[in-house]
Amino acid sequence: MLMWKKRSLWEPYLLLLPALVVLGGLFLGGVVLGVLQSFGYFPLIGLNNFTFEYYTEMLSSPEFLDALGYSLYISVVSSVLAAVIGVFLAYQLAKLPKKHTLVKLIYKLPIVVPHIIATLLVFLFFTQSGLLSRILYNLGIIEQIESFPALVFDKKGIGIILVYLWKEIPFIALITYTVLKHINTSFEEVAANLGANSRQIFWHIYLPLSLPSIGSAVIIVFAFSFGAFEIPFLLGPTYPKTLPVMAYQRYISSDLMQRPYAMVIAVVLTVICVGLIYLYKKSVDLMLRYN
Amino acid sequence: MVEIKLQDITKEFTGEEVIKDLDLTVEPGELVALLGPSGCGKTTTLNLIAGLLAPEAGDILFDGESVLDVATETRGAVLVFQDYLLFPHMNVADNIAFGLKMRGEGEESRKRKVHDLLDLVGLSGYEESYPHNLSGGQQQRVALARALAINPEVLLLDEPFSNLDANLRADMQKFIRNLHLEEEMTTIFVTHDRDEAMLIADRIAVMNDGIIEQYGTAEELYKHPQTDFVADFFGKANYLQGEIQNGEFSCAAGDLPVHEDLVAPGIKIEEGKELAVMIRPEFIEFASATEDDNCQVHLEGVICEKRFVGERIFYEILVNGQVLQVTVLPPSEFEIKEEVELVLDVNNLWYMEV
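Taken in sequence, the protein lines are chains A and B. For what it's worth, the numbering used here labels the leading residue of the first sequence as 28, then goes sequentially. For what it's worth, the numbering used here labels the leading residue of the second sequence as 24, then goes sequentially.
Wrong hints could be hidden among the right ones.
[What the hints assert, rightly or not] List of simulated lysine to any residue pairs, SDA-like, C-alpha gap at most 20 Å:
no.	chain 1	residue 1	chain 2	residue 2
1	A	Lys122	B	Leu76
2	A	Lys125	B	Gly38
3	A	Lys309	B	Tyr153
4	B	Lys124	A	Gln227
5	B	Lys124	A	Tyr275
6	B	Lys124	A	Asn224
Worth flagging that the hints you see were computed from the coordinates, not collected in a lab. Predicted model only: the values in this text are computed from it and were never measured.
Whole structure, please, built from the sequences with the hints as guidance.
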């Protein structure tokens with residue numbers, strides 16, 4: 028028995044070793060290397076001294092601050108809009124009678140379609156020479172194709188936000204719908220019996236009970252859009268860039284001296300994402316509180 | 024105080040009738056129990072009165088006016104659910120104040136009301152507690168306070184004591200009874216516990232299979248059941264089959280006197296009529312030498328079974344080939360195979376069709 032107990036201490040770790048090697052070597056190793064490089068330790072190109080120089084320089088540069096602001100703006104707007112629309116959609120779906128299975132299937136489709144396809148979709152429809160613009164032109168609603176508002180490659184990031192919304196609304200709706208379906212419908216009866224109308228039931232019963240789940244879904248969505256690179260890269264303006272795009276461009280630069288700057292941005296992104304994980308854990312704890 | 028009247032109520036679930044042409048009148052300020060086995064439709068009846076379900080046919084009247092078109096939100100019949108269903112994301116104070124808040128009542132008056140109600144249900148100081156930190160009994164009282172907060176004219180309780188342990192149960196039963204008297208409400212509660220119904224209710228509606236078998240006071244139901252279902256629900260019973268001959272009831276145990284007061288409503292006493300007499304085992308006594316009363320029926324038999332169960336003794340006695348159950352209080356000196364003489368009060372005979 029004692030032998031078994033002793034063995035059981037290290038046995039799980041031994042069994043997990045293959046996964047841990049990959050995780051520790053590739054992921055943590057990458058993070059450690061990135062952090063080292065951000066502090067100016069990059070022996071490969073002759074940088075051997077630790078310094079905060081790259082941090083101070085990067086964090087005070089207007090380009091970085093604009094990129095940070097732009098990234099936050101896109102993530103906040105797309106996540107909040109996706110949350111509001113997604114929750115509304117989920118509530119409507121939850122109220123649908125059982126027979127509408129097709130509707131419940133269709134809204135999930137965007138979840139399985141890759142972001143890159145959604146990007147193409149937005150590109151085809153919403154550029155100034157896109158389908159929508161041409162249709163409006165041919166209908167005589169706009170006089171020139173150029174008078175179609177710039178929704179893609181624009182500083183307001185509407186194209187990017189549209190892609191995120193297209194992907195994220197169904198995701199949030201799916202999670203919220205599942206949670207709503209598991210909320211005891213008797214609570215609704217209790218509330219109605221005590222005099223609550225259907226709007227009050229939504230605001231005072233369903234929304235607060237599903238809020239922790241909605242919160243964690245929003246955090247996932249926010250973290251993704253904040254750290255995603257391909258969509259702002261393809262649909263964003265040349266300035267301001269988002270942080271991941273900025274880090275990417277510094278990273279692929281032929282000037283290797285740009286690497287520490289790229290790593291500073293990567294570390295900032297990592298820190299913010301770790302903060303979000305903490306918030307996510309908190310909201311999961313809140314969720315479990317009701318069980 | 025509201026009078027509640029259910030007229031010819033029919034309710035179906037997926038094509039199956041669970042309530043069939045049900046009629047029930049509850050007087051203003053009355054406390055009525057719906058009693059029956061599980062699946063008999065008593066909770067459905069409660070939900071219909073609360074407005075959480077709508078009947079397929081029939082009408083529900085409060086003080087003579089139909090409330091079928093009045094939504095549950097405004098009907099004024101508040102239901103306390105069997106599993107309490109306190110809102111898990113609200114503390115006790117917010118749970119109790121919920122109905123008031125929905126009506127737009129101000130914070131000050133809500134606070135005052137919550138304070139008073141917690142006082143009433145004996146949970147002062149629990150304002151900030153969350154439901155998952157409360158015991159079953161405490162949750163039950165919070166659920167009750169939440170219902171009382173909006174001053175319901177009709178209070179509906181679904182198995183209010185089923186999740187409580189025996190001591191708490193007795194306390195809460197007394198509490199509900201007193202509360203009903205103080206708050207001047209019309210109260211209907213559902214239970215499957217006969218003793219509970221008899222202890223608390225003014226009148227009891229015995230339900231079975233979607234209909235009301237009988238509606239009356241505890242004593243009426245016990246002594247004068249109209250069906251064998253009711254008779255059996257309210258205790259043990261001996262049934263002796265026989266027929267009317269020469270103005271007397273003739274059965275295997277002998278001839279028994281019969282008159283109108285002893286016969287279930289709707290049955291005519293006429294020569295040759297086949298009936299059964301229902302005799303509660305506890306109404307039969309062993310004859311002692313001293314007593315002699317004209318009002319008594321005398322039977323002779325042999326003890327064939329004896330079971331001692333603490334506060335009572337169950338006998339089975341063979342009377343002219345017919346086994347009679349007899350329940351008496353100890354001490355009792357009779358043994359198996361002993362010949363005994365039994366007496367019972369004529370007024371405790373009850374004739375019915377079984």
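List in ascending order the numbers of the hints, as given earlier, that are violated by the structure.
5
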